[in-house]
Structure formats: C-alpha cells, structure tokens
Amino acid sequence: KNEVEQSPQNLTAQEGEFITINCSYSVGISALHWLQQHPGGGIVSLFMLSSGKKKHGRLIATINIQEKHSSLHITASHPRDSAVYICAVPGSGGSQGNLIFGKGTKLSVKP
Amino acid sequence: DTGVSQDPRHKITKRGQNVTFRCDPISEHNRLYWYRQTLGQGPEFLTYFQNEAQLEKSRLLSDRFSAERPKGSFSTLEIQRTEQGDSAMYLCASSLVEGSYGYTFGSGTRLTVV
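Protein chains in written order, with my numbering: chain A, 1 to 111; chain B, 1 to 114.
In short, the hints are calculated from the structure, not lab data. Everything numeric in this text was worked out from a predicted model, so none of it was measured. We put the CB at the ideal spot given by N, CA and C, even for glycine. One or more of the hints may lead you astray.
Claimed, not checked - Here are some chain B residues pointing at chain A (derived, C-beta under 7 Å):
#, residue
1, Q41
2, P43
3, F65
4, A67
5, S73
6, F74
7, A88
8, M89
9, G102
10, Y103
11, F105
Claimed, not checked - Here are the simulated distance ranges between beta carbons:
#, chain 1, residue 1, chain 2, residue 2, range
12, A, I60, B, K14, 33 to 41 Å
13, B, Q17, A, T20, 41 to 49 Å
14, A, E5, B, V97, 41 to 49 Å
15, B, V97, A, R58, 25 to 33 Å
16, B, F74, A, P8, 36 to 44 Å
17, A, P79, B, S66, 40 to 48 Å
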C-alpha cells in the first residue's frame with residue numbers, strides 16, 4: 001500500500017512570499033495529483049503529473065519519479081491562496097481505481 | 001454540465017437513522033468515486049464504479065454502507081443505522097476511465113450524527 005507524507009502540515013506566509021509544499025510517497029506510481037481544498041470542503045484538482053514539471057499561472061508542480069517526491073510551489077503568494085493543499089497517488093497496485101491522499105498542508109497567506 | 005453535484009450539502013441526523021446521499025457526476029465520465037474525510041485528515045477511499053459496475057470497495061465500507069450506480073449515471077451512498085463515528089464529509093468525484101485526465105470533485109455532503 002502506498003504511503004503519502006506531506007510537509008509541512010501548516011504553513012503561514014506573508015503576501016508575496018514564495019511557497020513550497022512537499023509530498024513523498026513510498027511506492028512507484030504512474031501519476032501524482034495535487035488538489036486544493038477551501039473551507040467548506042470542495043476540492044479542486046490543480047495538477048496531475050507523471051514526470052518533470054507543470055505550470056499553471058502562479059502554481060508550479062514538479063515530480064522526481066526516482067526520488068518518489070513531488071513539490072508544489074506558489075509564486076507571489078496571495079491571501080486567496082489560503083487553503084489546504086493535498087497530494088494524492090494511486091492506491092491499488094498503481095491503478096487509478098482509487099487515490100490515497102496525504103493529510104494536507106494548511107496554508108495561510110497574510111496580507 | 002457544471003461539474004460534479006452532490007446533494008444534500010449538509011445533513012444532520014439522529015443516531016440509528018438511515019441517510020442517503022446523491023452524486024451526479026460529469027455526464028461523460030465513466031468512473032465515479034466516493035471518499036470520506038474526517039476533520040484534519042485527507043480523504044479516504046470508500047468505493048468506485050466504472051459505469052454501473054462497482055469495481056472496488058474499501059474495508060472502510062462496512063455492512064451498513066451501500067453504494068449504487070444503477071444506470072451508470074448518478075450514484076447514491078446509503079448509510080444504515082448511523083453512528084456518531086459516521087460524522088464526516090462524504091466526497092464524490094468522477095473521471096474518465098483510469099483518471100487519465102484528472103478527477104473532478106463535488107463539494108461534498110457534510111454528515112453530522114447526533
């Protein structure tokens with residue numbers, strides 16, 4: 001079974017700071033997901049990546065398959081980025097049948 | 001089609017009562033997933049369907065839980081004889097086969113058992 005560890009658990013930043021959230025997993029995977037969850041529960045899929053780097057606006061996600069590690073970066077952070085960021089990987093033998101989620105990183109960006 | 005819809009958004013029920021939640025996925029999505037999330041934790045997988053077939057169930061899905069997707073479109077999750085430990089956010093997600101294009105999540109149903 002894949003184990004997913006995220007760090008840090010909580011992160012407070014000042015507006016404009018560069019943010020990095022880390023995710024490590026224990027079993028080789030085909031793809032990794034980064035998700036954003038705002039208060040109230042709704043989850044938004046940010047990235048699905050299997051290698052290298054993806055960028056969307058101020059968000060950048062990288063993955064190192066050999067190291068079993070991924071990072072989510074936020075450039076020029078803004079209070080509206082405050083949310084819980086969750087990393088998720090496939091659960092059953094690498095299939096996409098279900099996802100195993102990390103516990104999330106709670107980000108708070110102060111103005 | 002505006003995404004994955006879940007109904008109701010909130011449900012408060014007395015212990016021992018039965019509850020049913022509904023999820024309407026994105027219409028083109030073959031796969032539909034149910035997850036449960038408790039406070040401070042990441043979501044945990046419960047079960048998933050490909051079309052109308054329930055392909056996998058977690059051990060978290062006790063005998064009191066049942067999920068259906070009768071026509072391969074919407075799905076229902078029923079909890080019988082609710083317990084206080086069932087209080088959680090129940091999330092639904094959908095994807096094309098194998099999640100190749102990512103997942104779309106609903107806003108969840110928050111269940112409180114009193």
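Against the structure, the hints come out as follows:
For the restraint placing Q41(B) at the interface with chain A, the shortest Cβ-Cβ distance is roughly 6 Å, inside the 7 Å limit, so the hint holds. Hint status for P43(B): holds, given a least beta-carbon distance of 5 Å to chain A, under 7 Å. Interface hint status for F65(B): violated, as the beta-carbon distance to the closest one in chain A is roughly 15 Å, over 7 Å. Given hint, A67(B) at the interface with chain A, is violated; its Cβ is 13 Å from that chain's nearest Cβ, farther than 7 Å.
The criterion of a C-beta within 7 Å of any C-beta in chain A is not met by S73(B), whose closest approach is roughly 20 Å, and the hint is violated. The criterion of a C-beta within 7 Å of any C-beta in chain A is not met by F74(B), whose closest approach is roughly 19 Å, and the hint is violated. Restraint check, A88(B) versus chain A: the minimum CB separation of about 10 Å is more than 7 Å; hint violated. For M89(B), the suggested interface contact is upheld, since its CB lies about 5 Å from the closest CB of chain A, less than 7 Å.
A distance limit of 7 Å between C-beta atoms decides the matter here; for G102(B) the minimum to chain A is near 4 Å, and the interface restraint holds. A cut of 7 Å between beta carbons decides the hint on Y103(B): the least distance to chain A is about 5 Å, and the hint holds. Interface hint at F105(B): satisfied, since its Cβ lies 4 Å from the closest Cβ of chain A, which is below the 7 Å cut-off. For the hinted restraint 33 to 41 Å between I60(A) and K14(B), the CB-CB distance of approximately 48 Å leaves it violated.
Range check, Q17(B) to T20(A): about 45 Å between beta-carbon atoms, so the 41 to 49 Å window is met. Restraint check, E5(A) to V97(B): a C-beta distance of roughly 29 Å breaks the suggested window 41 to 49 Å. Remark: the range hint 25 to 33 Å for V97(B) to R58(A) is upheld by a beta-carbon distance near 32 Å. For F74(B) and P8(A), the Cβ-Cβ distance of about 39 Å falls inside the hinted range of 36 to 44 Å, so the restraint holds.
The hinted range of 40 to 48 Å is satisfied by P79(A) and S66(B), whose Cβ atoms lie roughly 42 Å apart.
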